[in-house]
Every structure is written in structure tokens, then in C-alpha cells.
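A.B. asks: Under our numbering, think of the first position of the sequence shown as 1, with each following residue one higher.
Bear in mind the hints are in silico, worked out from the structure with no lab data behind them.
Keep in mind the model is a prediction, meaning the values are calculated, not measured.
Glycine included, C-beta positions come from ideal geometry on N, C-alpha and C.
Check the hints yourself; a few may be wrong.
Subject to a maximum C-alpha distance of 20 Å in a straight line, what follows is the list of computed DMTMM-like cross-link-like pairs (lysine to aspartate or glutamate) [stated by the list, open to error]:
#1 Lys-23 <-> Glu-13
#2 Lys-23 <-> Glu-12
#3 Lys-77 <-> Asp-51
#4 Lys-23 <-> Glu-10
#5 Lys-23 <-> Glu-6
#6 Lys-23 <-> Glu-35
#7 Lys-77 <-> Glu-12
Each pair of labels, with its calculated beta carbon distance range [unchecked claim]:
#8 Ser-62 <-> Val-42: 32 to 40 Å
#9 Tyr-45 <-> Val-78: 15 to 23 Å
#10 Ala-16 <-> Val-89: 15 to 23 Å
#11 Leu-5 <-> Leu-91: 40 to 48 Å
#12 Ser-62 <-> Val-24: 27 to 35 Å
#13 Gly-34 <-> Pro-60: 36 to 44 Å
#14 Val-78 <-> Arg-9: 16 to 24 Å
#15 Val-18 <-> Ser-61: 39 to 47 Å
#16 Asp-22 <-> Ala-84: 40 to 48 Å
#17 Ser-61 <-> Gly-20: 36 to 44 Å
#18 Leu-40 <-> Ala-63: 16 to 24 Å
#19 Ala-53 <-> Val-89: 20 to 28 Å
#20 Ser-61 <-> Gln-2: 38 to 46 Å
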Amino acid sequence: AQGYLELIRELEERLAEVTGYDKVSLQPNAGSQGELAGLLAVRGYHRANGDTARTVCLIPSSAHGTNAASAVMAGMKVVVVKTAENGEVDL
1 AQGYLELIRE LEERLAEVTG YDKVSLQPNA GSQGELAGLL AVRGYHRANG
51 DTARTVCLIP SSAHGTNAAS AVMAGMKVVV VKTAENGEVD L
């Protein structure tokens, strides 16, 4: 397992170097992990631009449970919004 982790770290560093990015993440197979990575990127973007007030994540009541869990793990406050009978978000 340690060799695998070293391989991932080295690949991420090299990819960041050749692309000019500060960091690179190798997306895991689970969709919920990609969901969390996306929410962390959103939080990072707002923080980098001095906007620390955006801490709420709207989650439809019909959403999968991992949606709210990912938002909480990203440090956001979850607000569940109702969905219409047809499944659309009812704001």
C-alpha cells in the first residue's frame, strides 16, 4: 500500500508541474468523493476571493444522502429545499 501511495503522490506532483497547476488530484472511483472534491473546490475558490460568507449548500429533498454528507464534510451548512411533485427544485 505504501508504494501505491508514493506512486500517486509522485504522479500528482509531476502532473502539477507539467500543467502549471499548484496541485492536481487523481479523482477516485466513488462519485461521492468527486462530489466532495467539487464542493471543496467551490469553498476554496470563494475563500481565495475573500468571500468567506458563502457557507450554505442547498440540497433538494429528493437528493441522495451523500450530497448532504459531502456538504457537511466540506464545512458547509446544509439547507434542504423542497421539490415539486415532478421532482424539480421548488424555490
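A.B. asks: A separate judgement is required for each hint: does it hold in the structure or not?
C.D. replies: Comparing the hints with the structure gives:
A hinted pair counts as satisfied when its Cα atoms are at most 20 Å apart, and Lys-23 with Glu-13 qualifies at roughly 7 Å. Taking the CA atoms of Lys-23 and Glu-12, the gap is about 7 Å. The hint holds against a cut of 20 Å. For a cut-off of 20 Å, the pair hint linking Lys-77 to Asp-51 stands: about 15 Å separates their Cα positions. A hinted pair counts as satisfied when its Cα atoms are at most 20 Å apart, and Lys-23 with Glu-10 qualifies at roughly 12 Å.
The straight-line distance between the Cα atoms of Lys-23 and Glu-6 is roughly 16 Å, inside the 20 Å bound, and the hint therefore holds. Proximity of Lys-23 to Glu-35 is assessed by CA-CA distance (about 18 Å); at most 20 Å being required, the pair is judged to hold. Annotation: proposed proximity of Lys-77 to Glu-12 is violated, straight-line Cα distance about 31 Å (limit 20 Å). Separated by about 21 Å at the C-beta atoms, Ser-62 and Val-42 break the suggested range of 32 to 40 Å.
Between Tyr-45 and Val-78 the CB atoms are about 19 Å apart, so this pair conforms to the stated range of 15 to 23 Å. For Ala-16 and Val-89, the hinted distance range of 15 to 23 Å is not satisfied, since their beta carbons lie about 36 Å from each other. Under the hint 40 to 48 Å, the C-beta atoms of Leu-5 and Leu-91, about 43 Å apart, fit the expected range. Between Ser-62 and Val-24 the C-beta distance comes to about 34 Å, which sits within the given range of 27 to 35 Å.
For Gly-34 and Pro-60, the Cβ-Cβ distance of about 18 Å falls outside the hinted range of 36 to 44 Å, so the restraint is violated. A hinted range of 16 to 24 Å for the beta carbons of Val-78 and Arg-9 is inconsistent with their spacing of about 32 Å. Restraint check, Val-18 to Ser-61: a C-beta distance of roughly 44 Å satisfies the suggested window 39 to 47 Å. A C-beta distance of roughly 41 Å is found between Asp-22 and Ala-84, which places it inside the suggested range of 40 to 48 Å.
The hinted window of 36 to 44 Å between Ser-61 and Gly-20 holds, with their beta carbons roughly 42 Å apart. Checked against the given bound of 16 to 24 Å, the beta carbons of Leu-40 and Ala-63, roughly 18 Å apart, stay inside it. Against the hinted window of 20 to 28 Å, the Cβ-Cβ separation of Ala-53 and Val-89 comes to about 22 Å, which satisfies the hint. For the hinted restraint 38 to 46 Å between Ser-61 and Gln-2, the CB-CB distance of approximately 43 Å keeps it satisfied.
In this structure, the earlier hints numbered 7, 8, 10, 13 and 14 are contradicted, and the remaining ones agree with it.
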